[in-house]
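Based on these hints, arrange chain X on the given structure of chain S.
Protein sequence lines correspond, in order, to chains S and X.
Each residue of the first sequence is one higher than the one before, starting from 1 at the first, in this note's numbering.
Each residue of the second sequence is one higher than the one before, starting from 347 at the first, in this note's numbering.
Note that these hints are calculated values from the structure, not bench results.
Wrong hints could be hidden among the right ones.
Here are the computed lysine-lysine pairs in the BS3-like style, where the Cα-Cα straight-line distance is at most 30 Å [stated by the list, open to error]:
{"id": "1", "chain 1": "S", "residue 1": "LYS35", "chain 2": "X", "residue 2": "LYS465"}
{"id": "2", "chain 1": "S", "residue 1": "LYS311", "chain 2": "X", "residue 2": "LYS507"}
{"id": "3", "chain 1": "X", "residue 1": "LYS594", "chain 2": "X", "residue 2": "LYS507"}
{"id": "4", "chain 1": "X", "residue 1": "LYS403", "chain 2": "S", "residue 2": "LYS35"}
{"id": "5", "chain 1": "S", "residue 1": "LYS35", "chain 2": "S", "residue 2": "LYS336"}
Each chain, letter by letter, is given below.
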Amino acid sequence: MGTLWFILAGFMITGYVVLDGFDLGAGAISAIVAKTDGERRLIHRAIGPVWDGNEVWLIAAGGTLYFAFPLLYASSFSGFYLPLMIVLWLLILRGIGIELRSHSESMLWRGFFDFVFSASSFLLTIFFGAALGNVIRGVPFNSDHYFFEPLWTNFRVNASPGILDWYTVLTAVMALATLTAHGALYIATKTEGDLWLRSQRVAERSWWAVAGLTILGLLATLWVRPQVLDNYKASVVGAVFPIIVIAGLFGMRFFPKKGNDKASFLSSCAYIVGMLGGVAYAMYPVLLPASTDPALSITVHNAAASDYGLKVGLVWWTIGMILAISYFTYLFRSFKGRVSLDGEGY
Amino acid sequence: MDSALTLDRLHFAFTITFHYIFPQLTMGLALLILVLETLAIRKNDERYNDAARFWAKIFAVNFLFGVITGIPMEFQFGTNWAKFSRFAGGVIGQTLAMEGVFAFFLESAFLGLFLFGEKRLSRLGHWLSSLMVFLGSWLSGYFIVATDAWMQHPVGYALAKDGSVYLTSFWDLLLNPWAFWQFIHTMGGAVVTGAFVMTALGAFYVLNEKHSEYGRLFVRVGLIAATIGSVLQIFPSGDAQGKMIAFKQPPTLAAMEGLFKTESGAPLVIIGQPNTAEQKLDNPITVPRMLSVLTYRRWEAEVKGLDAFPRDQWPDNIPLLYFSYHIMVGLGSIFIAVSVVALFLLWRNRLFSSRWMLWILMLCVPLPYIANTAGWMTAEIGRQPWLVYGLMRTHEGFSPTVSSGNVMFTLLGFMGLYFVLGILFLYLIWREVEHGPVRESAEAPLAETLRVGGQE
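So here's chain S without its partners, still in its complex pose:
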């Protein structure tokens, strides 16, 4: 049961990164690709009706972790206290950045909220990347599974690390590159003309960063946490993740050249799914490793809620997610196609 919920929680988190990832990426690059007020509005129209729903995936993923692995939720959230509070503030700023810009015609007002939106998206991407790095590297649990990490110490990877060290900075940069490409490819599916062209160019350039960082990240991870290979050695099933990653990377290069925007964006989705799936596969059964004593790691065995609770959860979760996925399919279909400046909206 614990294993099943490990997979489902992984599904929720991956869903969040794929969905909110494109609007985060779009925000991070909006200052570069959109030059005029009209182009900025187009970006807002491309993500406006969906960003809030995408962010719900974060809430739902949090809720899923909370009820399936209460110990993990309690320990990690209190241990990552400071960065999480900063993430909350950034999420608040980002929400008002997106929604408030269109409330005034003043260029100063719009410029200010464009900056808020862009800067908060950029920083959130960095923080989420660093968070993933922390989860792979491990945290300094005490004997009661609690810890508290400062924002940084000496940037070395050791038994009492900070949120930021050289490894997590690397994962943060990797997340930024990945979501930049992801966001740019999304914008390309929704726009035409200059904006489309600039997004394409950003995606093309960031592809090199993504590809390079994938290799560098892999090497760094093997250095920091050699145990990640264990599950891959144990079974060939894991090979599916690197294959998806490589296929995704290939698609992100190949489809833009063919002018197939949708396939390019889907390749980027596949790349993210492959990367996160690969991490989860490598980590299992550990949910949050200890940098101190490996025996203190939080795993699906010591953190899972009661069997009854997890079984009941499976019933309503399945029903709920089928409903949610059907609303989302309907929502995305209702707003499908490239955006224009006509009619109501941002």
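Here is chain X on its own, set in the frame of chain S:
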């Protein structure tokens, strides 16, 4: 100011109080917008559609602020209340996760359609999207209330070997009898807020002689909803909730009522200040025997005072609890009085010429917010000293590794950020109010805007 416990409590109290300014309006408005949309279709009257569109804009601003201030609430269970989460996550995680999966997805997906999809959807489709937004927001209310209800009155659980609780009955948790009345009372409170806000804005437009045609429409719809909502808040939902507290949390009832000593034929206190040092009420004005009647339906019934319970069972802030409760009940009574008188004038066709009544309706706008806040404070301070009633004390629940200085830092951070958010919110609402409801037409929006203003 150096206790992490105090600061963690203040952190949650501050962020939840600020947060709840927004959902109480959106949950109330969701119902009222659905009513307006329904009236537009049934009466085939375009004005109701204009009104619905206007309130949808107010709704959207409130919804945004509700979402961005709501995310910190779920996070805080883990960040500031780690021991509580470890203890209770296996049970209340269920309802919190269900809120995300069932309510938030529904609400957010259909809100996008409702706000931006009017031209893409048929009339019925748009009506359906407003129904879905209403369902989503009320469902979300239910899951949160069910979570709180479990903390007030834990059911469907067992204790594990490691001292935490685990779920034994899903349906007991979901259909907690405490949740039923608390939900009705909470949603009633939201309808009262939505209805009074709608009425007050209508009165403002009429008094200001701007958009007065729509102003009268808002007053009519809002006032009827306000009257129904206010009456239902006292009976049955308020009464039922009072009885649940009397039977399941008797020390709380005694503290709420300021009843320090056990009495038969206990009086109901209207005004008076609890004096905790001398264990009595200063300058009380009371209705004799009324508390016994309300609680047990008998004149002579004995009501247990605080002296009947050991000190460590007493709520830890009796004056604050007492005042919250009395402010809620006092305002609730004022709502009934105001709305019944105004409704009478409306029925006699004299409301819109009675400027004094319109002034009163307009000035009522902050009161339901205060009443709802005071109501939640009654529930949560009344639960003290327990975090989970009878199972876990509040001082056992906070995060052990987060120092008080860090909590102070983030509390001040939230205060500063929310101060700015509050200013932005008022500015945005003011802009919408000034712009007012307009006849929207895709062909000539500007010309139409100029024409509107009570002439049709």
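Hint check:
1. S:LYS35 <-> X:LYS465: holds (29 Å)
2. S:LYS311 <-> X:LYS507: holds (20 Å)
3. X:LYS594 <-> X:LYS507: holds (27 Å)
4. X:LYS403 <-> S:LYS35: holds (29 Å)
5. S:LYS35 <-> S:LYS336: holds (24 Å)
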